[in-house]
Each structure stands twice: as C-alpha cells, then as structure tokens.
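Novice: Between the sequences and the hints, there should be enough to build the whole structure, so can you do that?
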Amino acid sequence: MLEYVASKSYKNTTLSNYIEAQQNASQAYTFIDHASLQVASNFQEFDQPVAILFEDKDCTACEDFHQNLINRADVKAELDKYLFVRFDAYSDQKIIGFDGKLTSPRQMVKDYDLNYRPGILLFDEGENITKIDGKLYSFHFNTVLKYVRGKHYQYYPKFSTYLRARQAELLEKGVDINIVD
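Residues 1 to 181, numbered by the working numbering, are exactly what the sequence shown covers, in order.
Errors might be hidden in some of the hints.
Cut-off 25 Å, straight-line C-alpha distance, at most; resulting in silico cross-link-like pairs (SDA-like, lysine to any residue) [as the list claims (entries may be wrong)]: (1) Lys81 - Asp58; (2) Lys135 - Leu163; (3) Lys94 - Ile129.
In short, the hints are calculated from the structure, not lab data.
Quick caveat, the model's predicted, so the values are computed rather than measured.
Specialist: Encoded structure:
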C-alpha cells in the first residue's frame, strides 16, 4: 500500500485494481517436486500420521521451505514417516476427509484457518493434532513432527510444553540446539 501512495497510483486507479495488477505482474510460484510427497485424495482410512502441505501460486516462502527446510536430510527422514501430501490451497479438487465427508483443499484451508503459505496440517489417527501456520526452522519443524508421530500430544496437550521438555532433554544430553538453522 505504501508503494501505491508513493507512486501516486491513486491518481489513475483504485487500490483494489492496483493490487490486482501487482499480483498479475508478479511471478507466480511454481510447485516444486519433492521425493517425500505422495498422492492421496481419500484420507478416510489413514490412521498413520499425515502431513498435508498447502501451497499456492502466491506463496512467497514456499521455495525457501523446499530448498532450506524439507530438503535437509534430518527433516526428510522425519517426513518419510508420514503420509506427506500437497495441495494447491486455491484448488476445489474433491477429496474425502478423515471424517468421510467430501471437501476440497480450499475448504480445508478455511476450516482450519490456515493463513500462511506454506501451511501444514498434521493429523494422527484421523485427528488434527496441530497446524503449522508460520515459518519454522529445522529444529522446531522436526520437533513438531516428532510431537505428532510419537503421540507426545497425549502427554503434552500443548506443543510448547513438549518443546520445552524436548529442549531440556537434548541439552541434558549435551546436544547443541541450533534454533535458527
């Protein structure tokens, strides 16, 4: 919006038209393949941990997410223990949810209030345990994956409590924790 005012574009166009023109002029994100990604559209019978990744053409952090997070060997090893699928957050593709009801990626994004891309929903035994709706670095990302897969949510209802316990455990063992890597 500052650019709209600074460039005095308000003299020639409305703010909504300016924003639309900027979006059309910007280069759209193209989905990146990843070896851990699988294809699924019926989640009704999955009781294993499931990670559903939502991206879209407007995603400004998705390339970084692929290159600097999920391509790390430690993260990939943890993701490989999940059914890891990706959907276009704008898609109306028909999928069957864990509850057996017909839905779409667009509707799931609304239902789970995912506002950030890439956004991730983590499920275990068909229940949504948590969501990742902001940027995480490798330590926190791996820890949330372990939190769900290891069913630690049964003992630690809040991820933050588990995270503190996990950090203390690792530090006690002398493990160096890099939270910004």
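Novice: Given the hint that lysine 94 pairs with isoleucine 129, test it: the Cα-Cα distance must not exceed 25 Å.
Specialist: 23 Å, holds
Novice: Given the hinted pair lysine 135 and leucine 163, is their alpha-carbon gap at most 25 Å?
Specialist: Holds - the C-alpha atoms of leucine 163 and lysine 135 are around 16 Å apart, at most 25 Å.
Novice: Compare the distance between the alpha carbons of lysine 81 and aspartate 58 with 25 Å, and conclude whether the hinted pair is satisfied.
Specialist: 29 Å, violated
The structure is inconsistent with hint 1 alone, although it conforms to all the rest.
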